[in-house]
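Undergrad: Sequence:
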Amino acid sequence: MKKRQKSRNHHYRRLSRAMVLTMLLVSLTPMFLVSLTILCQFHASYKAKIYDHLSELVLKHSQGIDIFLNEKLADISFLAETFGFENLSNEAFLRHTLKTLRSHYGRVFVDLGVINANGLQVAYAGPFKLDRAQYSNAEWFRKAMKIKYFISDVFLGLRGLPHFIVAVKENWNGEPWILRATIDFGTFNRLVENIHVGKTGFAFIFNTEGELQTKPPMDTILDNNMYMELMKDRKPKGNRVNIVIEHNTSGKKKIYVSTYLKNGDWMMVFEQDYSDAFSDFNRTRRVAVMIIIFGGLGITMTVIILTGKMINRIVKADEEKEQMNKQIMQAGKLASVGELAAGIAHEINNPVAIMMEEAGWIGDLLQEEQFQNSANLEELKRAVGQIRTQGKRCKEITHKLLSFARKTDPRVQDVDVNELIKELIQFSEQRAKYARVTINTRLQEDLPFVRASQSELQQVFLNLINNALDAME
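First residue of the sequence shown? That's 771 in our numbering, and the numbers climb one at a time after it.
It is possible that some hints are incorrect.
Said to hold, decoys possible - Taking lysine to aspartate or glutamate pairs in the EDC-like style, the calculated list, with each CA pair at most 20 Å apart, reads:
no., residue 1, residue 2
1, Lys1151, Glu1127
2, Lys1203, Glu1193
3, Lys1032, Glu999
Just so you know, these hints were derived from the structure itself, not from any lab.
Given only the sequences and the hints, what does the whole structure look like? Please build it.
TA: In structure tokens:
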């Protein structure tokens, strides 16, 4: 019995695991696949949005800086073409011109200088002592003498401060001369400092030699090798913006957005930590993952609880089925016993009938004259009467057995309920006697007949009587 119970418990545990795994697989797999697809699509869309935003930001500011430089170059060119060498070489006129420029543009223009073909600054207006300065050996001067319009890189020069110049070459009496203006480095640097995104996003400018043209943020470690790779591998093509995802020398993942300025002489680079650029997406992804995890846990708990309830119902159904099988087997046994009892009653009924006939014949013989004077005549008559009485009783019992053992007849007919109950009580009197139970009846007289199956009602009332006797025993 214990082995069988152990086997059944093992079967239910295995069934429970199979149901849990199946329901979890059916429930969680679509949820994970849909969630993963949505996250991937959202990541792709968010990535494209970030790239477009940064590209537009860098391109817009680079164009703004180019416009700024070209405007300043146009201002100097206008002065050189309008007033010429004769007027601008006059320092008083040059100082007045610088004052006029500052009244219109603020402190963007630091100073002005007129330089002849020999590199001598013949006129100067500005805050530094650069009168009669010699620039013949200066690299910017040599480059400016080769072209009409020139914008230098940021350098220290004679003043020892970072600055850059815009210059225009003109001719006077067959000799070239240059009008140059120094652009305020702070004003120019603020144009780039305004490009700030997130916590780590900043921009700067460097030239083809990898030299910075603007001041980077404090505590910033620049990766010059990466910047030179950006400059070397990607040549300017119109307003093209390049985006590169790389790890810097410290191993941190970065986004580099770059574009060219000043006809390819400078490159503007926007740099930002990858995690900072995608911080909103990462936060959304963490929330989504938490929702998926807690949703999965909720589904798992629900599946486990429902599986437990289903297993309990299956166990209960199996127990009821087993109990029903036992009852069916017991009913089969009872049916067999009933058939056996019917056979026995039938076999007994024939000898009892013969015995009754013989008793009647003996009674008839005792009426003859030859037995009238017998001393035991009365005793013989009493014995014959007793045989008839007990034989009649046996006949009634066998008839009841035969009636009860008949197959159930579901046919609906008129049934006298009181008479049916009385017959069943007589059938159970012997058992009640042995159990020391008295069966009392209070049956209402003149009850109408009931339309029902007599055999089925007989079984119902007999079960009630037997249950009552079982309860009293």
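Undergrad: Hint by hint, note whether the structure agrees.
TA: Against the structure, the hints:
1. Lys1151 - Glu1127: Holds, at about 15 Å.
2. Lys1203 - Glu1193: 16 Å, holds
3. Lys1032 - Glu999: Given pair Lys1032, Glu999 holds - Cα atoms ~19 Å apart, limit 20 Å.
The structure agrees with every numbered hint stated previously.
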